[in-house]
Amino acid sequence: MSQLHGEPYQPKSGFMKWMESRLPIMGLLYPTAVTFPTPRNLNYWWTFGGILMFCLSVQIITGIVLAMHYVPHVSMAFESVEGIMRDVNYGWLIRYVHSNGASMFFIAVYIHMFRGMYYGSYKEPREVLWILGVVLFLLMMATAFMGYVLPWGQMSFWGATVITSLFSAIPYFGDMITQLLWGGFAVDNPTLNRFYSLHYLLPFMIVGVVVLHIWALHVTGNNNPTGISVKSKQDTLPFHPFYTAKDGFALVLFILFFAIFVFYTPNILGDPVNYEKANSLVTPEHIVPEWYFLPFYAILRAIPDKLGGVIAMFASIGVLFILPWLDTSKVRSVSFRPLYRQFFWILVIACIGLGYLGAKPPEGAYVIWSRILTAYYFLHFLVILPVLGILEKPRLLPKSITESVLGNGDGDKAESKG
Amino acid sequence: MMKQVTHFRTLVRAGLIAIVSALVVLAAPGVGQAEESGESEALDWSFNGPFGTFDRAQLQRGYKVYREVCSACHSMEFVSFRNLSEEGGPGFTPEQVKVIASEFEIEDGPNDDGDMFMRPGLLSDRFPAPFPNVQIARLANGGAFPPDLSVLAKARVGGPDYIYALLMGYEEAPAGVELAIGMSYNTVFPNHQIAMPEPIFEDAVEYDDETEPTLENYARDVTAFMMWTAEPKLEARHRMGFKVVLFLLIFAGLLYATKRKVWAAVH
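Those protein sequences? They're chains W and Y, same order as listed.
The first sequence begins at 1 in our numbering and counts up by one.
The second sequence begins at 419 in our numbering and counts up by one.
Because the hints were derived from the structure by calculation, they are not lab data.
Beta carbons are placed, not taken as given, at the ideal position from N, Cα and C, and that holds for glycine.
There may be inaccurate statements among the hints.
When the alpha-carbon atoms are kept at most 20 Å apart in a straight line, the in silico EDC-like pairs for lysine to aspartate or glutamate are as follows [stated by the list, open to error]:
hint, chain 1, residue 1, chain 2, residue 2
1, Y, K651, W, D87
2, Y, K572, W, D87
3, Y, K482, Y, D627
4, Y, K572, W, E79
5, Y, K516, Y, D526
6, Y, K572, W, E285
7, Y, K651, W, E79
Computed far set for chain W versus chain Y, every beta-carbon distance over 10 Å [unchecked claim]:
hint, residue
8, Q10
9, E20
10, I25
11, Y70
12, H73
13, P171
14, L382
15, R395
16, S400
The following block holds chain W by itself, in its conformation from the complex (with noise of 0.2 Å):
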C-alpha cells in the first residue's frame, strides 16, 4: 500500500523546523489530508463525504450556541426555544440552520451510503472502513432522535415515548431499559434531560469515529467508479487541490441547497405539531417520526407483533452490517454488473416506498405494501445479491483508471469528467 502515502510534508521555515522536530503534526497531516494519492476519476457522489464533514461541523456548531440558551426543563424547553427565536440575536437563524441542517445531514448521509452500495464500495478490502461508516448512521440516528425531543413539543414528546416504549418489547429486561430510558415511569423531565445530556455527548462520539472512518480510508485508499484498484502513480491525483477545488464547488452548491431551506421554508420538514408544547393528555392524531426515519417507521410497523417489528427494524440496519459479506460478486463497481444494477434501483425505489409508507396511517393497502416492501428490502440484502454474485457475469473491466478515464475504456466515464 505504498502508494497511498502522498509526498511527505518539508518543514520550509525555521520555527516549522523546530516545530516538526518535536511535535511532527504537519508530518501526519501533509501526507494524509494534502499529498494525499486520490483515484483521479472522483465523480461529484464522492463529494459527501466532505459535505457530511461540514454538516458535521455546522450541527456542533450551531448546537453549541443553542445549548447556552436552551433550557432542559419541561416547563421551559418549549418556551426556551421560542425565546430563541425571538430575543437571541440571529436565534431564528442559528436554531433554523441546526434544525434543517440535521435533514441535510440525513440527505447527504443517504447518498453517501447509497453511492456506497453503487459503486462496491464496502468491499474488500473496505470491510471496516464500511461498518465504521455504519456505525455512525447508527450514532446520527440516535443523535437526531434525542434532538428531536428536546424542543418538547407534541411530536418530541409522543414520538419519544413511542420510540421508547418499542425496547419494552424486548423479554425480560424490556422494563428495565424503557425505565432506564425514561429516568421512571413515563417520558417526563428525567428522560428530557437525560436526552439532552447524551444528544451533547454523542455527536462528540460521532467525531471520534469519523476519524476512525477515515483513518480505515487512509489505508485502503478511496474507491472509485470503476471499482477497480489503484495500479499506479499514474492512477492517482494529490487531493489537494484537485479534490479540494472539486469538493469545494460541490460543498458551496448543497450549501446553496441547504440556506433555500433555512431563509425560505424553514418549517416544510417538520412537523406543525411540534409547534404546539407537549402534553401528556393530548395524543396527535398521527404520530409520525422525522423524515429521515420514516422507511424504518413503515418497517417497524409493518410487522404484526411488537417484538417481531422492533428486532425487523433493527435488522434492516444490522443487515447492512453484514453486507460486505453477503455481495458476493467479485466485481465493485455497477458500471460492469448490468443484472446489480437493476436491483440497485429496486432497492433505492423500495426504500422510497417504504418512506412514503412511513408517513402514512398504518391501515388498509399501506399495511399491504408495508409488508410487500419490508420482505423486499430484506430480500434484496439476503438472496439476491448473495445469489447475483454467483449468477451475474460481469462485464469486461478496463485495464487501469487511466485507461478508463483517457483510453477506451468502459467505466463511468461521463460522469468522472466533472
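Here the structure of chain W is known, so what remains is to put chain Y in place on it, guided by the hints.
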C-alpha cells in the same frame, strides 16, 4: 469561446440542479399538506415568496381584531408589547405601543408589603392571558381550552391558509349532522365539530382605515397578524436569504472556474 459557453452552461445547470432539487423536495410535502387539510386553499399572502413582507396596515388591523375579539379567550404568551413596534412587524410607533400596553392591567409584585398588585402594562410585558389557568379557561369555555395563538399559524397543517379557512368555515350544520352541546359546525375543522363558537361577524370591529369591515377582511387580517406573531423574524430571514443565495451563486461560479482551471492539466 465555444468552450467557455459550455462551461457556463454546466455551471448554470449545476446551480439549477441545487435550486430545482430544493423546490422538488419542497413541493412534495406541500402536495401532501393540501391533500390532508382539504378545504384550505392556498391564498396570496403578502408574506409569501422569497421577497414576501408583512403588510403593516394589515397587521395593525389584525392586531385590532385580535385585541377586540380573540384576546377575550386566547392568550398570546410569547409576544411582548415591545414587539409591536419592532422592525418587520405591525410598525406601531413606540409611543403608540406604550398607549396600547397601558390599556392592559398586569399583575406585578410582591411589593414591600408582600402583596401582589395590578399596574398598567409596560413595553417589556407580555400580553396577559385572559384566564389565570387552564382549568378556569376550560370552565369558561364549555370544557374546551382556547389554545395560545403565538405560534398557532405554524402549528397547523396548511398554516395561515388553514386559519383563514377555519375562520371562514362556519356554517349551519347540514341536515342529519347532530352537533354535541356547545359545538359549532365548521367545514375545515377535523370532524367538523369545533368548540369555538363563530368568533366574528361583519361590522364587529371598527377599522381605522378605509378597509371594508367584512368577515373576509377580518379573517385575513387577523390571520396575517398571527403569522407575524408566529414568525416575527420572517422579513429579516427573507432579506438575509436573498443576500446569502446571491453570494453562494457567485461563489459557486468562482469555485467552478477554479476547479476547471485546476483540472485542465489532467483531463
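Comparing the hints with the structure gives:
1. Y:K651 / W:D87: holds (10 Å)
2. Y:K572 / W:D87: holds (18 Å)
3. Y:K482 / Y:D627: Given pair K482 of chain Y, D627 of chain Y holds - Cα atoms ~12 Å apart, limit 20 Å.
4. Y:K572 / W:E79: holds (15 Å)
5. Y:K516 / Y:D526: Holds - the C-alpha atoms of D526 of chain Y and K516 of chain Y are around 17 Å apart, at most 20 Å.
6. Y:K572 / W:E285: Holds, at about 17 Å.
7. Y:K651 / W:E79: Judged against 20 Å, a Cα distance of about 17 Å means the pair holds.
8. Q10: Holds, because the least Cβ-Cβ distance between Q10 of chain W and chain Y comes to about 22 Å, which exceeds 10 Å.
9. E20: holds (28 Å)
10. I25: holds (26 Å)
11. Y70: The claim holds: Y70 of chain W sits with its nearest Cβ about 15 Å from chain Y, beyond 10 Å.
12. H73: holds (17 Å)
13. P171: Since the minimum Cβ distance to chain Y is about 38 Å, P171 of chain W lies beyond 10 Å and the statement holds.
14. L382: holds (31 Å)
15. R395: Given that every Cβ of chain Y is farther than 10 Å from that of R395 of chain W, nearest at about 25 Å, it holds.
16. S400: holds (15 Å)
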